[in-house]
Amino acid sequence: MAKMTMIQALNQAMGLAMAENPKVMVLGEDVGRDGGVFRATEGLYERFGAERVVDTPLAESSIIGSAVGLAIGGMRPIAEIQFLGFIYETMDQIETQASRMRFRSQSRYHVPLVIRSPYGGGVRTPEIHSDSLEALFVHTPGIKVVTPSTPYDAKGLLLAAIQDPDPVLFMEPIPLYRAMREEVPDNWYEIPLGKAQIRNPGEDITIIAWGPMVPVAEACAKQATREQISAEVIDLRTLSPLDEETVITSVEKTGRAVIVHEAVGTGGLGGEVTAIIQEHAFLSLQAPILRVTGYDTPYPVSSVEDLWRPDVARVLEAVHRSIHY
Amino acid sequence: MAKMTMIQALNQAMGLAMAENPKVMVLGEDVGRDGGVFRATEGLYERFGAERVVDTPLAESSIIGSAVGLAIGGMRPIAEIQFLGFIYETMDQIETQASRMRFRSQSRYHVPLVIRSPYGGGVRTPEIHSDSLEALFVHTPGIKVVTPSTPYDAKGLLLAAIQDPDPVLFMEPIPLYRAMREEVPDNWYEIPLGKAQIRNPGEDITIIAWGPMVPVAEACAKQATREQISAEVIDLRTLSPLDEETVITSVEKTGRAVIVHEAVGTGGLGGEVTAIIQEHAFLSLQAPILRVTGYDTPYPVSSVEDLWRPDVARVLEAVHRSIHY
Amino acid sequence: MNPETEFPLRRVIDEEGQLVGDRSDVSDDQLKQFYTWLVTLRTLDQKAWNMQRQGRIGTYAPWSGQEAAQIGVAAALRSDDWICPSYRDWPALIYAGVPMYYVLLHSMGHPAAGYMPEDMSVLPVQIVVGGQILHATGLAWASKLQGQDRIAVALFGDGASSQGDFHEALNLASVMKVPAIFVVQNNQWAISVPVYRQMNTPTIAQRALAYNIEGIRVDGNDVIAVYQTFRDLQKRVREGSGPALVETVTYRLGAHTTADDPTRYRTPEDDARQSHGDPITRLRHYLETEHIMENSDFERIDHEAQVTVDDAVKKAEAYPLEPAATTIFDHVYGTLTPPLKRQRDQFSQRLIEGGDSSRG
Amino acid sequence: MNPETEFPLRRVIDEEGQLVGDRSDVSDDQLKQFYTWLVTLRTLDQKAWNMQRQGRIGTYAPWSGQEAAQIGVAAALRSDDWICPSYRDWPALIYAGVPMYYVLLHSMGHPAAGYMPEDMSVLPVQIVVGGQILHATGLAWASKLQGQDRIAVALFGDGASSQGDFHEALNLASVMKVPAIFVVQNNQWAISVPVYRQMNTPTIAQRALAYNIEGIRVDGNDVIAVYQTFRDLQKRVREGSGPALVETVTYRLGAHTTADDPTRYRTPEDDARQSHGDPITRLRHYLETEHIMENSDFERIDHEAQVTVDDAVKKAEAYPLEPAATTIFDHVYGTLTPPLKRQRDQFSQRLIEGGDSSRG
Ligand SMILES: Cc1ncc(C[n+]2csc(CCOP(=O)(O)OP(=O)(O)O)c2C)c(N)n1
Ligand SMILES: Cc1ncc(C[n+]2csc(CCOP(=O)(O)OP(=O)(O)O)c2C)c(N)n1
Ligand SMILES: [Mg+2]
Ligand SMILES: [Mg+2]
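Residue numbers (the numbering used here), protein chains in the order written: chain S, 268 to 592; chain L, 268 to 592; chain E, 365 to 724; chain P, 365 to 724.
Heads up, some of the hints might be wrong.
Stated by the list, open to error - Partner residues are not named here, just some residues of chain P that face chain E (Cβ under 10 Å, in silico):
no.: 1; residue: T407
no.: 2; residue: S525
no.: 3; residue: K541
no.: 4; residue: R571
no.: 5; residue: A574
no.: 6; residue: N576
no.: 7; residue: G606
Since the hints were derived computationally from the structure, they do not count as laboratory data.
Glycine is no exception: its CB is placed at the ideal position from the N, C-alpha and C atoms.
For reference, chain S alone in the conformation it holds in the complex:
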């Protein structure tokens, strides 16, 4: 057991999976000799060789499309899309191919494929590099969507994703890659997909977040304590399938909910979570469910991004609005 960052935990998970199963391979842009632009695959090329850690040509559709073939053909590919904003290039292969092969073939074939992709802002990347696009994939049957917020979860969720028989989009929050270190066991462990985690128990209001917004939600909860507001913070961890139960149970208890995500607000996953809560916990609700999200503009240039991303102040403001409704 050692203290490590999320990027180290992810790297360790891939190393373990490749050592355990010779079918596991990694492919993507710059994942080989370079070790990935964020170093997620560092050392794997040296350990497992160029056949299993493959620098592909710069063509995202070919990364996913060939990975579909690799997976059906017996391999367990882990494909990297260098930044989530470039996943649009491969949407067809994800949506109509990877996610539907099981359905189309009546489970004659299935596609055990993990698509890893960094996302999230606040680190001054160029255009398109920060976009949060989870909503597009949560709306797609046949693919699971996972995003960790801690090193420990990152490793356990990635190993579970690699073991999953179906495609999993594994979204890695760039701002959390190196934001903290925590104890991560060296051995193999899995965190089941589809289970949210209560990161901070509370009584007065539920704050629901995922990925890069979890620390913001936690910081907000801490600040709220000073005002005698007890906020329960839920990290969804798996966005599809959603852990409805944990969310509903919490809001039934608190009667109030704020959802925080970095993605553009309109059409974001916040709407779905809102709809689920109000359908199942209607009579418990003391106030409208509020969303704190990115604005309805493209993710802006870096000089503006901090003003654009939800921050503690905005979440706290929503908490107040809810409490004082």
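Based on these hints, arrange chains L, E and P with the ligands on the given structure of chain S.
Just chains L, E and P with the ligands now, kept in the frame of chain S:
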């Protein structure tokens, strides 16, 4: 003024726009000599010639990507994606290019581009041809999303879309192409984008629908009348930007809402509409807002599709659940 | 670079069925078998067309004219080779072993049509034009990585070769040197768009030059030429020569699908000029001229084809739908998620109660 | 087809600056101007790199080594020709007339860097690799449809040529015969992936054969060869000869961006072997040997370059940010939608109040 089907109204709109403005052109697969697989562009090739009604190679990304260039270069392209399910092939050009060029260039450039695309099920098309994907685009800043449910609206909305300075995704419900005829003026008229329409006023519950589900909602309202339930039916018509005001005002009056869409439920636009209503009409709500949608599976093969699509019975059931909550 | 000479059209029998090449390494029996299949598949195609007109099946994509281009490929493959087909490639699949009734089930919109036989390595037919090309690259790559000697074959049309995925698939296959064969069936049309409006080159085979892979152009209406080409090619590819692109030049004699009306965009003269000889009459002429088969053989084959096809129709029409409807929930993920379980229950309940499916 | 002979590397001065071609139609003055620009742009590049290291600008993509490949193109264009650049193509833009401080604003993450000067026809630099190639096809098409004689030029890298959009853009351009020039700057690397792992061909120019368009390979470190090539080519293309693909063979001397560490994946020996002569020293040697310029000229140019660059830095650093932040809402659509209006108001309000932006 003549009675016409939606497909005729669309055809007339394009003909008018091309006659009016020599910069307007049509491009896509089979839009020329064939007149489009649904005949939407019938006769335009003969009237306006092969330079302005262009059969492109079979490559969706090139249709939209080149249309971005055409639009910036002074033309007013109307691009057809033969079926909405194939729009994934061109997602990058729509999402990071067409929709962002204005933002990226600080309005130095803008992209007056209409993307027409048929969608919606019930007509026994092969796989991928029926998918309703509006949620993906409503989540995208910089593009508008429109879908008519009547011949009259189709023409007026399409002309407004063609006049719009920004990209508009114009989704045409296949099952309504020839489902009804109505009086459509021969002249130029526009229906402003961003305005919903109350298709049936009512007092007890609001049913919100768009595109192919509008007739289902209307039929349900009619059936509800027999049970002394007065349902207000709203056709959103423009999905982005959403006409929040019309929706909220209605639910403030009725206190109940059912949202009907054909797209997969989870992550669909129903969540967004729910979130808006409950945020702004919280105190008016007598019951949870309910959604009647496609199931969380890919759109199924044709022998199963009628069971999969929301129908009057399912909407009515939701109305009952809401009323008797 | 002159494409016509760099990529000459390979041909063994010409449009009149005259021998213009070497067929010494293809036996008479093999030819008889090809002929039988050509006729059987043509019979099936016509039957299916009629069934659609009678409302017994749904949208259907006829393949008349392209039987040879597909049989010649399938005949050269091993049973464990991967085939990545499109919607018009049932002849290849059927020849390779997929039961005939599958294609009818497919057009009936039956879910079972996607479950390819377990003893074959065939992907479900692809609806997204070009979507399967990359799968062949990946499957061939998987084969190579696992030290198997299976190859992967993608079948697709001229239209598909305009898609970006075509480029990405061939480039990646070439870089990774995987055992994949990319077969573009140039049937001269992508729905209503003739090939010369899709591209500005006289051949599709010449695109091989962009990837430094082998490129071949073969007369797709000449079953012998197609077969010989693939028999030799699959061996090279299997042995590690790298991927190849083959253009089979053929013609879509009929409509694009039952929903299409080709008279809107092409004339009988177009057809006559471009179709370069129906593959069946061609081979028949040759077999007659060489006295390999005689009239009674042809009649017998016609008759047996009818019987075979009728049997397939019976199987398809007798195929049970239930409980298939409910299974849509079972094939989204390996295990039912909680929301899907709930939805499955509601769905079944409605089926039992006999849901109203009126649409106003 | 032998790519090396079909697409020979065009060159006028070699790596030592010796004349190996014909430069009679390029004046001494022109060469002096090129040299001045080469040095100025190199100076700017180094300055920007240092500024990033000092935290004065954000991520930055250096272009050292590629100045000639870009200047030679830009110098051949007309001021109303469309340029569709990528993030590394500022040298071409600056030569064409975009103020130098733009590139610094861009790396500072300033929104104004996207607003290209109104008297130019330059798209904002593209971040999506390959995203702009199709725009050039469309812009050239628009020019043709409107009877203009502007051409459109797309600049992109070797990596971009693997994208599906590359294929789709060139195919469509060829079919529509539009006046577009596709310039692939083969700088041998896509971040850490060498070009020989991206493709299995010795040239990129040979891909022209797949579209039946003109393909040219030119030494991108030889500004004279690049200029001559484009000067002649733009004329043909403008007159209607159809699109063309040009591979400028050059080398990325530095890191991919300031976030990259090239020592992880390439050695100084790689660099030495592949870089085939810095474009500046090459031209300088030639100018010296031919006595076109002398030491004092070179010194003056170095000095003036510093002054020019310092001036650009001052302009960039003095450029006001406010009220740019709020304008993000104004450039989503032509007119503010009701939700955006509401959000803009809230956003402005927070700016005024000085929002807490702590992140826990
Ligand atoms: C990505 C995509 N775009 C459009 C379509 C609609 N479509 C179906 S078949 C077809 C033409 C295909 O032509 P080709 O590839 O030559 O194959 P063929 O039909 O001639 O066998 C089109 C446009 C589709 N199925 N998929
Ligand atoms: C579609 C897309 N995929 C990945 C990236 C990340 N990325 C930025 S530059 C680059 C390499 C580009 O190589 P090349 O096209 O040769 O241009 P160069 O950087 O060498 O000028 C990559 C992978 C991106 N920006 N866009
Ligand atoms: Mg075809
Ligand atoms: Mg490069």
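Status of the hints after comparison with the structure:
1. T407: 38 Å, violated
2. S525: This hint holds: S525 (chain P) lies near chain E, its Cβ roughly 9 Å from the closest one there, short of 10 Å.
3. K541: 8 Å, holds
4. R571: Given a least distance of 4 Å, the restraint on R571 (chain P) holds.
5. A574: At 4 Å from the nearest chain E Cβ, A574 (chain P) passes the 10 Å test, so the hint holds.
6. N576: 5 Å, holds
7. G606: 8 Å, holds
This entry does not satisfy hint 1, going by the numbered hints stated previously; all others are met.
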